[in-house]
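Using the hints provided, position chains Z and B relative to the given structure of chain C.
Now for the letters of each chain:
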Amino acid sequence: MIHFFSSHFATLSHEFWPLLVGGLATGFIYAMVAIGYTLVYGVLRLINFAHSEVFMSGGFASFFLMKWLIGSSTPNATETVLYLIAGVLVGGFAGAAVATTLERVAYRPLRRRNAPKLAYLISAIGASYFIFNLAAKEFGRINFAMASPFINHPLFTIFGAQVYMYYVIILIVGSIMLVSLDRLVATSKLGRSIRAVAQDAETASLMGVNIDRTIALTFILGGFLGGAAGYLYGLSFGVVYTMGFTPALKAFTAAVLGGIGNLRGAVIGGLLLGVVESMAVAFVNGAYIDVVAFAVLVLVLLFRPTGILGERLGRTA
Amino acid sequence: MKNFFSSPLVKRVGAMVALWATVTVMTGPPGNPAQPALGFTSSFSERVSFFGLFPTPRGVLFAALGLILAGIVVLYRRILHTPVQRAKASIVPTYQSISAKRSVRGSWYAAALVVAIMLPHVVTDPFWQSAMVSQIAIYTLLAIGLNVVVGFAGLLDLGFVAFYAIGAYVTAWVTGALPIGAPFHHVIDPFWAIPIAIVFVMIAGVLLGVPTLRLRGDYLAIVTLGFGEIIFLFANNLYGITGGSTGTNQIPFLSFHMGPIKYLWGLDPAPYYYLTLGFVVLFLIIFSSLEHSRVGRAWVAIREDEVAAESLGIYPLKYKVMAFAIGAASAGFAGVITASQTLFVSPPTFSLTFSINILVLVIFGGMGSIVGVVVGGVVIQGFVVYMIQSPPAWYNPADLYMYLGALLVVMMIFRPAGLIPSRRRLREVLQVESGVARDQLTTHMGPHNRVEEDLA
Amino acid sequence: MSENLFDVTNVTLRFGGVVSLNDVTLHQKRGEILAIIGPNGAGKTSLFNSLTGVYAPQEGEIVFTNAAGKSTSIIGKKPYRVSAVGVARTFQASRMFSAMTTFENVKIGAESHRGLGAVGAMLKGPATRRDEHRSDALTRELLDFVGLTSQSNVIAASLSYGSRRRLEIARALATKPEVLLLDEPAAGTNPAEKIELTDLIRRVRDEMGVSILLIEHDMKLVMALAERLYVLNFGSVIAQGTPDEIRANPAVIEAYLGSSDVSEESK
Numbered sequence: 073m074i075h076f077f078s079s080h081f082a083t084l085s086h087e088f089w090p091l092l093v094g095g096l097a098t099g100f101i102y103a104m105v106a107i108g109y110t111l112v113y114g115v116l117r118l119i120n121f122a123h124s125e126v127f128m129s130g131g132f133a134s135f136f137l138m139k140w141l142i143g144s145s146t147p148n149a150t151e152t153v154l155y156l157i158a159g160v161l162v163g164g165f166a167g168a169a170v171a172t173t174l175e176r177v178a179y180r181p182l183r184r185r186n187a188p189k190l191a192y193l194i195s196a197i198g199a200s201y202f203i204f205n206l207a208a209k210e211f212g213r214i215n216f217a218m219a220s221p222f223i224n225h226p227l228f229t230i231f232g233a234q235v236y237m238y239y240v241i242i243l244i245v246g247s248i249m250l251v252s253l254d255r256l257v258a259t260s261k262l263g264r265s266i267r268a269v270a271q272d273a274e275t276a277s278l279m280g281v282n283i284d285r286t287i288a289l290t291f292i293l294g295g296f297l298g299g300a301a302g303y304l305y306g307l308s309f310g311v312v313y314t315m316g317f318t319p320a321l322k323a324f325t326a327a328v329l330g331g332i333g334n335l336r337g338a339v340i341g342g343l344l345l346g347v348v349e350s351m352a353v354a355f356v357n358g359a360y361i362d363v364v365a366f367a368v369l370v371l372v373l374l375f376r377p378t379g380i381l382g383e384r385l386g387r388t389a
Numbered sequence: 057m058k059n060f061f062s063s064p065l066v067k068r069v070g071a072m073v074a075l076w077a078t079v080t081v082m083t084g085p086p087g088n089p090a091q092p093a094l095g096f097t098s099s100f101s102e103r104v105s106f107f108g109l110f111p112t113p114r115g116v117l118f119a120a121l122g123l124i125l126a127g128i129v130v131l132y133r134r135i136l137h138t139p140v141q142r143a144k145a146s147i148v149p150t151y152q153s154i155s156a157k158r159s160v161r162g163s164w165y166a167a168a169l170v171v172a173i174m175l176p177h178v179v180t181d182p183f184w185q186s187a188m189v190s191q192i193a194i195y196t197l198l199a200i201g202l203n204v205v206v207g208f209a210g211l212l213d214l215g216f217v218a219f220y221a222i223g224a225y226v227t228a229w230v231t232g233a234l235p236i237g238a239p240f241h242h243v244i245d246p247f248w249a250i251p252i253a254i255v256f257v258m259i260a261g262v263l264l265g266v267p268t269l270r271l272r273g274d275y276l277a278i279v280t281l282g283f284g285e286i287i288f289l290f291a292n293n294l295y296g297i298t299g300g301s302t303g304t305n306q307i308p309f310l311s312f313h314m315g316p317i318k319y320l321w322g323l324d325p326a327p328y329y330y331l332t333l334g335f336v337v338l339f340l341i342i343f344s345s346l347e348h349s350r351v352g353r354a355w356v357a358i359r360e361d362e363v364a365a366e367s368l369g370i371y372p373l374k375y376k377v378m379a380f381a382i383g384a385a386s387a388g389f390a391g392v393i394t395a396s397q398t399l400f401v402s403p404p405t406f407s408l409t410f411s412i413n414i415l416v417l418v419i420f421g422g423m424g425s426i427v428g429v430v431v432g433g434v435v436i437q438g439f440v441v442y443m444i445q446s447p448p449a450w451y452n453p454a455d456l457y458m459y460l461g462a463l464l465v466v467m468m469i470f471r472p473a474g475l476i477p478s479r480r481r482l483r484e485v486l487q488v489e490s491g492v493a494r495d496q497l498t499t500h501m502g503p504h505n506r507v508e509e510d511l512a
Numbered sequence: 348m349s350e351n352l353f354d355v356t357n358v359t360l361r362f363g364g365v366v367s368l369n370d371v372t373l374h375q376k377r378g379e380i381l382a383i384i385g386p387n388g389a390g391k392t393s394l395f396n397s398l399t400g401v402y403a404p405q406e407g408e409i410v411f412t413n414a415a416g417k418s419t420s421i422i423g424k425k426p427y428r429v430s431a432v433g434v435a436r437t438f439q440a441s442r443m444f445s446a447m448t449t450f451e452n453v454k455i456g457a458e459s460h461r462g463l464g465a466v467g468a469m470l471k472g473p474a475t476r477r478d479e480h481r482s483d484a485l486t487r488e489l490l491d492f493v494g495l496t497s498q499s500n501v502i503a504a505s506l507s508y509g510s511r512r513r514l515e516i517a518r519a520l521a522t523k524p525e526v527l528l529l530d531e532p533a534a535g536t537n538p539a540e541k542i543e544l545t546d547l548i549r550r551v552r553d554e555m556g557v558s559i560l561l562i563e564h565d566m567k568l569v570m571a572l573a574e575r576l577y578v579l580n581f582g583s584v585i586a587q588g589t590p591d592e593i594r595a596n597p598a599v600i601e602a603y604l605g606s607s608d609v610s611e612e613s614k
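Protein chains in written order, with this note's numbering: chain C, 73 to 389; chain Z, 57 to 512; chain B, 348 to 614.
Take the hints with a grain of salt, since some may be wrong.
What the hints assert, rightly or not - The list that follows gives simulated cross-link-like pairs (lysine to aspartate or glutamate, EDC-like), each with its CA atoms no further than 20 Å apart:
1) Lys425/B / Asp245/Z
2) Lys67/Z / Asp284/C
3) Lys189/C / Asp361/Z
4) Lys523/B / Asp553/B
Stated by the list, open to error - Sample of chain Z residues at the chain C side, in silico, Cβ under 7 Å:
5) Gly87
6) Pro267
7) Gly273
8) Asp455
9) Tyr457
10) Gly461
11) Val465
Hints in this document: simulated from the structure, not taken from any laboratory. Don't be surprised by glycine CBs; every beta carbon is placed ideally from N, CA and C.
If we strip away everything but chain C, and leave its shape as in the complex, we get (with noise of 0.2 Å):
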């Protein structure tokens, strides 16, 4: 048995800075992902099941924006960085678009009936068929390279890891867009509307607050950053029409790890997520690398379903 375990373990810490600098690079998509979950979840107490789409829809745009934008061209230094950001932004507001359409047909008629929260989860699962197999139909069923806007080869080296410029990418372009948002809810009107709807929705229209507008902006921000972490997987995995599918779940565990409603805590599930199932690739067979992350969230849900930082709603941290 410890033999059996001890070359698992051998091979962890021969590769330990490799993983543990991919498992980040993860975390930061799941990261990203995850605050759409938990966004949501804050304001209208329900899971989006849907967001797997939101993420789908960004890799789609963007992918087509690359493909317009690149083709199979090489883009020299300024185009890279330009590129880059049309991608993101692409992705983003595609993400946006889905999520807003979501909260438009599938849930807000919902809401104006007050429908147990069994109508919500149909519906976005629904919803969810409906458009991935309408991108399977319209765009096709085999899986997209995606155009890249940069060479990806290793920046510099830590304690001996090579450092991908893929990775420095994503945690260049995650820390901004998370930190941003955090601003963005901590100090701005907006954010205080969305804490404030989180906490007591009732109270919160008395107070002035446009219940309807808030949970619209609220599903915009967490579906801009759910499209445009699906470019930044899809730079690296490429796009087909079920690849919002894992990513999604394992987001959704994330955002439970950390505590649904806990904006840093989606950050910090992420990034654990990331970093313990880049690790279990040197224990457990491929095939089953998937069932890591689904056996954190069981665990997750059995034992701390309030998660790391705990549910609360309507704060920050």
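Frame of chain C; chains Z and B shown alone:
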């Protein structure tokens, strides 16, 4: 400017335009990887002709259809609505009081049963006969089972397919079709796989249910989804045990051998159909009496207000696990039948999509309504099979789930109680929506379904 | 072995940093109508929740002794178990099963303790049928007792406030409890309904032998019904005694911010 956009007329027109665009694209020609925009543009521009005449762009055609429909609705509202409501007011109560009588309903059921029994003689096309079993009857049976979980107990189980899979694999196992061979090297009649599979499946239901059914709705849905995925992953990868992604096709025909009575099922689907029909009727009877028993009432109480139910001595977990196990049993049984009719078992069938398909049947028919679910199952699945067998030009069977997904959303928005709602569920929907709901925006339900703020 | 129905000893209940119940000691005698009063937020409903197993206080003991002399510790038991021991309750915000009829609401209470499980339910054997007849009879009896027979088939959501209260009481009584905990039963009722309610509560104790433990803000009702009172403020018991003793108690008067409240209303 803002007022313009929020005026009701603009909103309505906007919604109609959105609907027109969506339907046109949904039913339109597909795009392809090289030309992604093609699907969208040609959905509007492709010309459709009637009997070779009047080629019109699809976009225009759908717009015209939409306008005609809108016109009809407006006319109806202006002219026919009141007389129709009056007619309804005089007919419906009578109809309801008549159909509430057991004898009347009983005769409807008897008639339906007669039709069901005669069906294999009326429908002789072999494809349809086989589909009647493997698709319609089996899916309806699964829907009846899922109805107990979702409809009666209010639990969204997205991993329902796992129980179906377990039933099928147990069948393969006891008949020696799996790589690990039959238990104790003793191959038995596949017929006896039925009780064995049901036992296994119920144990699985209890094992899954006890830790997870304390969680509230959305978390439960995701955990069960994950469970279904895990079963799929294991089935797909444990080549030595389950035959991996290719599964097994060694399952023998179903046979029954007890003393002097001997019956062997074969390629003819009709005997399978009658066997399945028999069990469907049995499950219908059992589930119906369950619905109207104290267990059924406890489920309604838990669904309506778990805290109040618990204060009356009802142990919610016990009843939820019961629902899970019972639903699982019917799924397991369906798995046995499928395995022994198709003679093979393989993982691709056991996906989340399958669970969603069954969910659509339940939602469309009417969750909580046994009659509704049977009708929903037969109608939708029958329709699906028809569309696969003779698809119209504009339909691509691969798009099935796009339509089913849209159907789910539409049902939830316009008719959440389903096509043929149970009387109780209709009442519930009306109560909840008139504002008697406890699930208001500000109520915080913690992870374990306790309405904490209410009790403070 | 206690003569009391409830023995609550030094119970402290905390939520994070908030102390909801602070070293509360309380005893209810068998057969008495006991009332708990106090300003909003004093911890009355938390006390009820602790008595019924919804909350588990971190310190102290709660012991329930039934008529047969068997004592059970309540802390740590889940509500459905506490119900089985003989404690029933109603809720501050009326929690009926709104889509069910009045009759069905009460029947659920009647069925919840005994009876066979799913198998029996499915097979509808003679034992199950007998059980159903029994619960039907008990339901009818209770509906008659509270005066709701004429509304047996009405959907619970369409009942008036006063009727809803009576329904909740009937439903709680259907579990055949030894004590009934009433959480603000008169809230939202009009004066006529209040009189009927007072009458009903007294009949529950007198005719059915069920002890009453009641939270109320309506002083008139409390002073008319209660044989003894406990006064809670900020989670602590600040006074206990008969209605006359409480009326004169300076600490109570102070807690309610003004003497006119307590002494005027009870005239």
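Quick rundown of the hints versus the structure:
Between Lys425/B and Asp245/Z, the direct Cα distance comes to roughly 46 Å. Violation of the 20 Å bound is thereby established for this hinted pair. For the given pair, Lys67/Z sits about 15 Å from Asp284/C by alpha-carbon distance, which is consistent with the 20 Å threshold. Of the pairs offered as hints, the one joining Lys189/C and Asp361/Z holds, with about 13 Å between alpha carbons and a cut-off of 20 Å not exceeded. This hinted pair checks out: Lys523/B and Asp553/B have alpha carbons roughly 15 Å apart, not beyond 20 Å.
Hint status for Gly87/Z relative to chain C: holds, with the closest Cβ pair at about 4 Å, below 7 Å. Interface restraint check: Pro267/Z against chain C, minimum CB-CB distance 6 Å, threshold 7 Å, status holds. This hint holds: Gly273/Z has a C-beta 5 Å from the nearest C-beta of chain C, less than the 7 Å allowed. The closest approach between the C-beta of Asp455/Z and any C-beta of chain C is roughly 5 Å, which is under the 7 Å cut-off, so the hint is satisfied.
Among the interface hints, the one on Tyr457/Z holds; its C-beta lies about 5 Å from the nearest C-beta in chain C, closer than the 7 Å criterion. At a threshold of 7 Å, the smallest CB-CB gap from Gly461/Z to chain C is about 3 Å, leaving the interface hint in force. For Val465/Z, the interface hint holds, the least distance from its beta-carbon to any beta-carbon of chain C being 4 Å, beneath 7 Å.
The structure fails hint 1 only (numbered hints given earlier).
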